[in-house]
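Q: Quick note, the sequences are listed as chains E and D, same order.
Note that the numbering used here has the first sequence beginning at 1, numbered continuously upward.
Note that the numbering used here has the second sequence beginning at 385, numbered continuously upward.
No lab work stands behind these hints, which were simulated from the structure alone.
Predicted model only: the values in this text are computed from it and were never measured.
Be a bit skeptical, because a hint or two may be false.
Derived DEER-like restraints, expressed as beta-carbon distance ranges [claimed, not checked]: (1) Lys98/E - Ala684/D: 56 to 66 Å; (2) Asp321/E - Arg846/D: 35 to 45 Å; (3) Lys454/D - Asn256/E: 18 to 28 Å; (4) Arg255/E - Arg644/D: 28 to 38 Å.
Every residue, glycine too, gets a C-beta built ideally from N, C-alpha and C.
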Amino acid sequence: MKHASLPALLLLAAICHAQQPPGNAKLPFVYTRWKQFTKADGLPNEHIFAVKSDGPRIWVGTEGGLAVIDKKTGKVKSWTEKDGLPWRVVSGIDINHKTGEVWLALFGGGLARFSGGRFDHWTQMNSGLVNDVAYGVAVENDNVWVATTAGASRLNTVSGEWTVFTEKNAPMEEIWNYGVHYGDGKVHLAVWGSGVLEFDVATSRWKDYLDPDGEMEIDLYRDDGIVHVITTGADYVDKVLWVSTYFGVCRYDGRNWRGFYNQDSGLPSDFNNNLRARSGNEAWFATDKGAGAVMDAASNTWVAYTRDPRSSAGKAVVTRDKAVIETVEMGLNLPHNYVVSMDVDGNDVFVGTSKGLAWGIGDGYYAGLKERPRQLSRVGGGAR
Amino acid sequence: MRRAVLWMPLLLCAQQQPYPPIGPDHSPDTREVLRRINAAGPNEVPDLRLKQEHNYAGTSTDVEPYGGVKPYKEHFLKQMEYTGPGRAEPEPVDVKTVRIGFIGPIQSTVSIATGGKSHEEALGRKMLEGAQLAIEQANARGGYVKRGIPFELDVVNDNGLWGSTGNEVVSMAYKRPVWAILGTIDSANSHIAIRVALKAEILMMNSGDTDPTFIETNIPWTARSIGDDRQQGYLLVDYMIRKQNYRRIAIIRSSNRYGRFGVREIRDSARRLGRPIVMEMAYKVGSSDFSLQLERLREASPDAVVHWGDARESALVLNQMRKLGMNQPYFTSDRSVSPEFTGLAGANAAGVISGYPWNPDRKDPHLDQFRRAFRTRFKEEPETFAAHAYDGMNILLWAVNNAGLNRAKIRDLVATRAKPWPGITGDIPFSSVLDDMGDVFLARFDKDRWTYHSREELQIPRGSVPTRERVNRQLEGVK
Numbered sequence: 001m002k003h004a005s006l007p008a009l010l011l012l013a014a015i016c017h018a019q020q021p022p023g024n025a026k027l028p029f030v031y032t033r034w035k036q037f038t039k040a041d042g043l044p045n046e047h048i049f050a051v052k053s054d055g056p057r058i059w060v061g062t063e064g065g066l067a068v069i070d071k072k073t074g075k076v077k078s079w080t081e082k083d084g085l086p087w088r089v090v091s092g093i094d095i096n097h098k099t100g101e102v103w104l105a106l107f108g109g110g111l112a113r114f115s116g117g118r119f120d121h122w123t124q125m126n127s128g129l130v131n132d133v134a135y136g137v138a139v140e141n142d143n144v145w146v147a148t149t150a151g152a153s154r155l156n157t158v159s160g161e162w163t164v165f166t167e168k169n170a171p172m173e174e175i176w177n178y179g180v181h182y183g184d185g186k187v188h189l190a191v192w193g194s195g196v197l198e199f200d201v202a203t204s205r206w207k208d209y210l211d212p213d214g215e216m217e218i219d220l221y222r223d224d225g226i227v228h229v230i231t232t233g234a235d236y237v238d239k240v241l242w243v244s245t246y247f248g249v250c251r252y253d254g255r256n257w258r259g260f261y262n263q264d265s266g267l268p269s270d271f272n273n274n275l276r277a278r279s280g281n282e283a284w285f286a287t288d289k290g291a292g293a294v295m296d297a298a299s300n301t302w303v304a305y306t307r308d309p310r311s312s313a314g315k316a317v318v319t320r321d322k323a324v325i326e327t328v329e330m331g332l333n334l335p336h337n338y339v340v341s342m343d344v345d346g347n348d349v350f351v352g353t354s355k356g357l358a359w360g361i362g363d364g365y366y367a368g369l370k371e372r373p374r375q376l377s378r379v380g381g382g383a384r
Numbered sequence: 385m386r387r388a389v390l391w392m393p394l395l396l397c398a399q400q401q402p403y404p405p406i407g408p409d410h411s412p413d414t415r416e417v418l419r420r421i422n423a424a425g426p427n428e429v430p431d432l433r434l435k436q437e438h439n440y441a442g443t444s445t446d447v448e449p450y451g452g453v454k455p456y457k458e459h460f461l462k463q464m465e466y467t468g469p470g471r472a473e474p475e476p477v478d479v480k481t482v483r484i485g486f487i488g489p490i491q492s493t494v495s496i497a498t499g500g501k502s503h504e505e506a507l508g509r510k511m512l513e514g515a516q517l518a519i520e521q522a523n524a525r526g527g528y529v530k531r532g533i534p535f536e537l538d539v540v541n542d543n544g545l546w547g548s549t550g551n552e553v554v555s556m557a558y559k560r561p562v563w564a565i566l567g568t569i570d571s572a573n574s575h576i577a578i579r580v581a582l583k584a585e586i587l588m589m590n591s592g593d594t595d596p597t598f599i600e601t602n603i604p605w606t607a608r609s610i611g612d613d614r615q616q617g618y619l620l621v622d623y624m625i626r627k628q629n630y631r632r633i634a635i636i637r638s639s640n641r642y643g644r645f646g647v648r649e650i651r652d653s654a655r656r657l658g659r660p661i662v663m664e665m666a667y668k669v670g671s672s673d674f675s676l677q678l679e680r681l682r683e684a685s686p687d688a689v690v691h692w693g694d695a696r697e698s699a700l701v702l703n704q705m706r707k708l709g710m711n712q713p714y715f716t717s718d719r720s721v722s723p724e725f726t727g728l729a730g731a732n733a734a735g736v737i738s739g740y741p742w743n744p745d746r747k748d749p750h751l752d753q754f755r756r757a758f759r760t761r762f763k764e765e766p767e768t769f770a771a772h773a774y775d776g777m778n779i780l781l782w783a784v785n786n787a788g789l790n791r792a793k794i795r796d797l798v799a800t801r802a803k804p805w806p807g808i809t810g811d812i813p814f815s816s817v818l819d820d821m822g823d824v825f826l827a828r829f830d831k832d833r834w835t836y837h838s839r840e841e842l843q844i845p846r847g848s849v850p851t852r853e854r855v856n857r858q859l860e861g862v863k
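Could you build the full structure based on these sequences and the hints that come with them?
A: Here it is as structure tokens:
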């Protein structure tokens, strides 16, 4: 046996230290209990464009229909076009908690409302919906906002009045809307080519957030604003704005921006399809290489969930400033590493992938960091 | 030695394949890509040896944005990969034809850009003819080689009104499924199209939109078979400033996205070279009277004027400039290289220089063969939109024939192509973002014809193109 070089020994020591260090440390909660739902469980399609947890049920929007999962029994009920769903591709879901209505963004099919077992349908040919290629939907009080490829539309569900927002009446440099979210009195639109637009419901005033360097091919400074003008999602929680893009993600607390890239954080990939924020300190990102959760933004502490593509095993890697501080191996977590959609509800998380849905059960969840022993290298399991 | 002997028949077969080489590709590069794809499990991402570049778009150091600052991050250097499960989809057995989508402006309609009549049908129809010829030739050679069934072109008009491009791509992805799509021309519509293509996971090959931002989106489902306005802009700037030493350049352009983004690299590069554009004026597409803009331009006393817009407006601007006594050299975009421009401009067209994405005067038997076939089929001469569509469609046909009926694998073959596509418009080497990085040219109109000139032929200087990433090299110093 040849002598190992000093750098190799140091690297080995670092790996051992990272994976099985003794003693307690300030660590985030790691989801180790996961359930998966695929076509075998009754989903109409496994490409999960949208997921929305609503109390005892989980609504699932797929490339081939709508489904709802009973959390208690795990039973799946689904709807396709044969069952009255106006169009098969469900790209966004939101719930009006006042009425119980389920609102659906249909990718190429407009907007639908599911209520009382009936689907109602709005398109650009029969309503004020500006385009049928709808990427997202959000309920704001009595209004329903739809992010479409040709602007945003707002339906007042009481009066039936539609309002269309394009470059003519909103600060959209481009009108290619992607995501829409309502929270804390503000509607946020993530717009491909136009950053994030914020609509203050109380004042009806717009504010825009753009990449300050104005260049497509670089990010001049990490923390000077939105990391890129092509945005895919925006969430506003605890008066903190979280933004996902195909170039990285970022956070804005009203005073300071912070960008996160794969090169400097635990974000699994810079290609982010969507996000869901749990708080001003925690947000989950749907990347093409796994689910990334910044669990403590202040300390740049992340947990990245991925599955081993060659087996039914998964793992969670805890990092701080990119350095691995814990690796937790587990049973199957995500059905696939290509993550498309995300939701957070109570202690649980829901991860929509291109091969099924994962439900992370957050028994014992705690926010932020807590002093705890590092977990054993293999825990839990993927229950089906 | 033995291995070399075994490869010989395959190499000979590859060499003997008729042009265009859309049939079975036995090159080691393509075989290796397919081997890697097919060896990967259903949840695995194959190691496709992603392209890694050290400089974006051949940009010289003195025109890089914020050249005095080391950026935190550079995008577009490492190739995007598709990490989804699409490669595991089995090839369907019940198809009668292999459908390829085409979307382009082919019917007159209302235009958002003009607020009236649309304006790009002449270009779109040529694009369609180029695509049709490629499909028909492929079918004459037996169609989809694996099954011997024909290719079928699914043609839709790119109306563009109220985002209809998105609706059409949704239809091609889900309702009348196609395996890949060629289109379109309008840059706003192109962005709408690729947003759908990305979600539906289908490759879009673009052969007519020269907007630099089209491929600056970091998504793995787009490619382009035409040199863009960034490359043409760099060449024009190098000619105007580095060679001709013009100090005061003015711009007049259309107010639509084509004009807005077309001049962006010219404007930025001129400023970074210390010759900021003295004035930039915009006009509405379809305008006929440019006196307001030209009076302002004249007051700025430019050494040269750059126009970016359609052929008709380009000619009218030029004519009205000359009428006002403005005799500055006139530079335009590639759309002016057309009979419409020269017909309207008449004698004023003499000396006009345009950026151009290829050299139609190139001596190439395949180009001659294409021209003959096009004339036979359509009773007219092919032009640039037809030629680029022909190349773009042939790349798709090559990918389908070799990858099989699987959208992800079709994407993979185009994305990982190691050698430039031998197009009739010239070699098409794809960059990390799958943009056509082939040579662009300057077209000059003299003696009733356009002639095409390379950078080398005109001895146009260029700045230093770095071989290391910005984040890994010394700053050149604040300009």
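Q: Hint by hint, which ones does the structure fall short of?
A: As far as the earlier hints go, not one is violated by this structure.
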